[in-house]
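Student: The lines below spell out each chain.
There are 2 protein chains.
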Amino acid sequence: MICLKFFDSKLMKFINNNLRYLQTIMSTTKPTIPKGMRDFGSQVMFRRNYIFETVKRAFECYGYAPIETPTMENIQTLTGKYGDEGDRLIFKVLNSGDYLSKATLDENTTSKSLTKQIVEKALRYDLTVPFARFVVQNRNDITFPFKRYQMQNVWRADRPQKGRYREFYQCDADVIGTDSLLCEVELVQLYDDVFTKLNIPNVDIYINNRKVLSGMVELMGASDLFDDVVIALDKLDKIGIDKVKEEMESKGVKKEALSILDTFLNTTNVGDLSSLLENSATGKKGLEELQFVINSVNNLGLQSANLIFDITLARGLNYYTGCILEVKANDVAIGSIGGGGRYDDLTSIFGLKDVSGVGISFGIDRIYIVMEELGLFPDNIDVSTKVMFANFGEQEAAFCLPLLKQLRSAGISSELYPKKSKMKKQMSYANNKCVQFVIMVGEDEMESGILSIKNMESGEQSNLNITDLIKELS
Amino acid sequence: MICLKFFDSKLMKFINNNLRYLQTIMSTTKPTIPKGMRDFGSQVMFRRNYIFETVKRAFECYGYAPIETPTMENIQTLTGKYGDEGDRLIFKVLNSGDYLSKATLDENTTSKSLTKQIVEKALRYDLTVPFARFVVQNRNDITFPFKRYQMQNVWRADRPQKGRYREFYQCDADVIGTDSLLCEVELVQLYDDVFTKLNIPNVDIYINNRKVLSGMVELMGASDLFDDVVIALDKLDKIGIDKVKEEMESKGVKKEALSILDTFLNTTNVGDLSSLLENSATGKKGLEELQFVINSVNNLGLQSANLIFDITLARGLNYYTGCILEVKANDVAIGSIGGGGRYDDLTSIFGLKDVSGVGISFGIDRIYIVMEELGLFPDNIDVSTKVMFANFGEQEAAFCLPLLKQLRSAGISSELYPKKSKMKKQMSYANNKCVQFVIMVGEDEMESGILSIKNMESGEQSNLNITDLIKELS
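Chains as they are written, first to last, in my numbering: chain H, 1 to 474; chain X, 1001 to 1474.
Warning: the hint list may mix true and false statements.
[Unchecked claim] Short, incomplete list of chain X residues facing chain H, as computed with Cβ under 8 Å:
(1) PRO1034
(2) ASP1039
(3) PHE1040
(4) PHE1134
(5) LEU1300
(6) LYS1405
(7) ASN1432
(8) THR1467
It is worth saying that the hints were derived from the structure and are not from the lab. Even for Gly, the Cβ is constructed at its ideal location relative to N, Cα and C.
Throw the hints in and build the complete structure from the sequences for me.
Tutor: Put into structure tokens, the structure is as follows:
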């Protein structure tokens, strides 16, 4: 629908008749990309790769091996796994070819009923469900416990806002096929290691245990309302304690149970839970797990992050059954930059029962924002070309080519400006590309083999032959 | 539609009424992925990453900087750029929400007419068109000449077959914003460099020039049939010269022109083109370009690949205007493993005229097949964990944790088996994961601090304290 401030019936008719043509012109003159999606230019790419590489090296150092799953999954693999809201946000891929020939259309056809007939595939919504599908499908080839990492993009048809995109990356590490709490200990260390290497200060890793929450809800006499209580509790940060209680009551939690809730919420010391949970077997089990993880981590010591027990930490996803984790960078207000937990039965949705796993996720896009706001990216990571030969003409260029080849053979990133141009233009190219050294080769240099080298940062000029230059730069 | 070999109306009714439920059961018991798509397990990932890393390092060494574009483009960015066949093969993403509310359905609705109403986005079909869109959209922030590389997946709804998938990777390097032939020279060197580093033998880089072909077609008196002649010529490998000529004649090429074609096709020496193209200005220009590139490359010398002039090389894509390249690995029959060329006006489809560019592409999935068939992957690339501590119980594990931390701090990839289990099980885990050293810590080792270390390859046993072990492995 096009709305114009003035009304001109002839123009309106022209526009309506030529809508597609006009759209083509528009798209020709100013191409755009879909909302919530991003182009990454080179500087951003260098910085993103720096984060990815750091996380990847840590994953591999801890014995996690990479896997990748396809961008598209069969739609039934994804639907029903993320709640109704999630199902709505899954991007669906139209069947190829004459898809309507197999569909029935009538006056009752709705978007929902049509989708079932014309869509068989959908885009990855997270890495966890495809991972569970992968494990079940490949269970005969996998040696358990299986430590895998996965760094891939996911898509959600969410309303875009700051730090929330429709295409973004997740970096997950999971161990599946063991209930050993040493995995939880390791994953906390892994968080600490990565954030230490990235130099992000004031990182808090919050820890809680779903069984402790379960015990609490049991003591509140609201075990059948566990999901509701957890969902309400998860909103504490956003809506405050009064609203949380209101929501719980509206779901059926009794008023007297809320004082038990208060007692728990006032607990900041894990030890104090011991007496509180005395009468809940599940709660005691959870407390044991919690204490083992916290004590082990404390004995080993963390490098820069803090591990903090937080009874209010609930995590919305309902497949968590044990330890739960969430990470915040206190110096930037952006919400959590990581989270995870133990799931005792995730693969059962694909028919493989009793396989316990635990995993954590790094929110790369938010980590990027934190590092950018705090100015934490090292200086030298966006250097692409180290050495550039200026171009003074065909003969000079021909002279430079074998030298360029020698530099590249030595692994020194280098290039020759492709065409003779004004020096100013060539130098500005070098500047924009953060080139560190510009080599000027004219008649004298061609005769002597001694190159004039300009250090672009200090402005210093030096003279070296190619062998010495390579030695200098290697 | 379900077809059964026997007919049972009750069963049929049950099936129809419970279709979704049955599908859920089916999907529960045996999850699958869409056809033409792949899961990559860890061993394959290590090998793929080895190729990606090699290509990436070469790209950066030659001064190319990375960019990435989103998975989805507005559909009008993609349609009309790859021919009718291409348009058909583009994967389309259904609009989110109640998309039908904005569509008009009636008895005349076809798949094609409906698609226009319910689809605004589509998946990347190659890297070239999104790159052109990127350049035009960001032209004010880009310093030209712009040397970029891009390594991303693309999607095509093609019929899957060996070496052809519906999701696959492309690795492209392009220079845009200069017509300097030094770029062509550099890209040939880049091909040679990558295939040398990957150790792929017998690689031939075929080269031709569209202007030379243009000159030939001009002399055949068929300039207005250039596209038809090139498309027919492109099939020479597959259908043979007689069929190629037949096709040309059917398109309107005169019989007497075909003898000129023969003369050209019998030319294997670039020099011989000189007299043939005497009367075509375009042809002579093309020949000059061709000779400059071939001579420059020959002067510099290639490391392992051969550069071969091939007048029959045509390349189907019609945006090429100068030098064209195609790469084959002679030892494996899989078709081309790379290709590229110069395009003088690609960005004009998005409204930016007169920007010449040239680029090459690496077919990663096919390179993988070549390397696998020839056994070229180095031995050590699928090692994830170098050192594993066996687990003999809680106390032993607790003793190992600080040692594990020290190893990891030294950058040595290591892990502790997460739970006490039978030694056989732990050793088989270590074997499957290609672990190089297994450390056994029992009572004696805890007392002395001297660790028992088993070299999994040689079977040798040694005894070292942690400091010496780290020295040994660093």
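Student: Each hint needs a verdict: does it hold in this structure or not?
Tutor: Going through the hints against the structure:
1. PRO1034: Cβ of X/PRO1034 sits 5 Å from chain H, so the hint holds.
2. ASP1039: holds, 5 Å
3. PHE1040: Since chain H brings a Cβ to about 4 Å from X/PHE1040, closer than 8 Å, the hint holds.
4. PHE1134: holds, 6 Å
5. LEU1300: holds, 6 Å
6. LYS1405: holds, 6 Å
7. ASN1432: With a minimum Cβ separation of about 4 Å from chain H (threshold 8 Å), the hint on X/ASN1432 holds.
8. THR1467: Violated. Min distance 18 Å.
Violation of the numbered hints given earlier is confined to hint 8; every other hint is satisfied by the structure.
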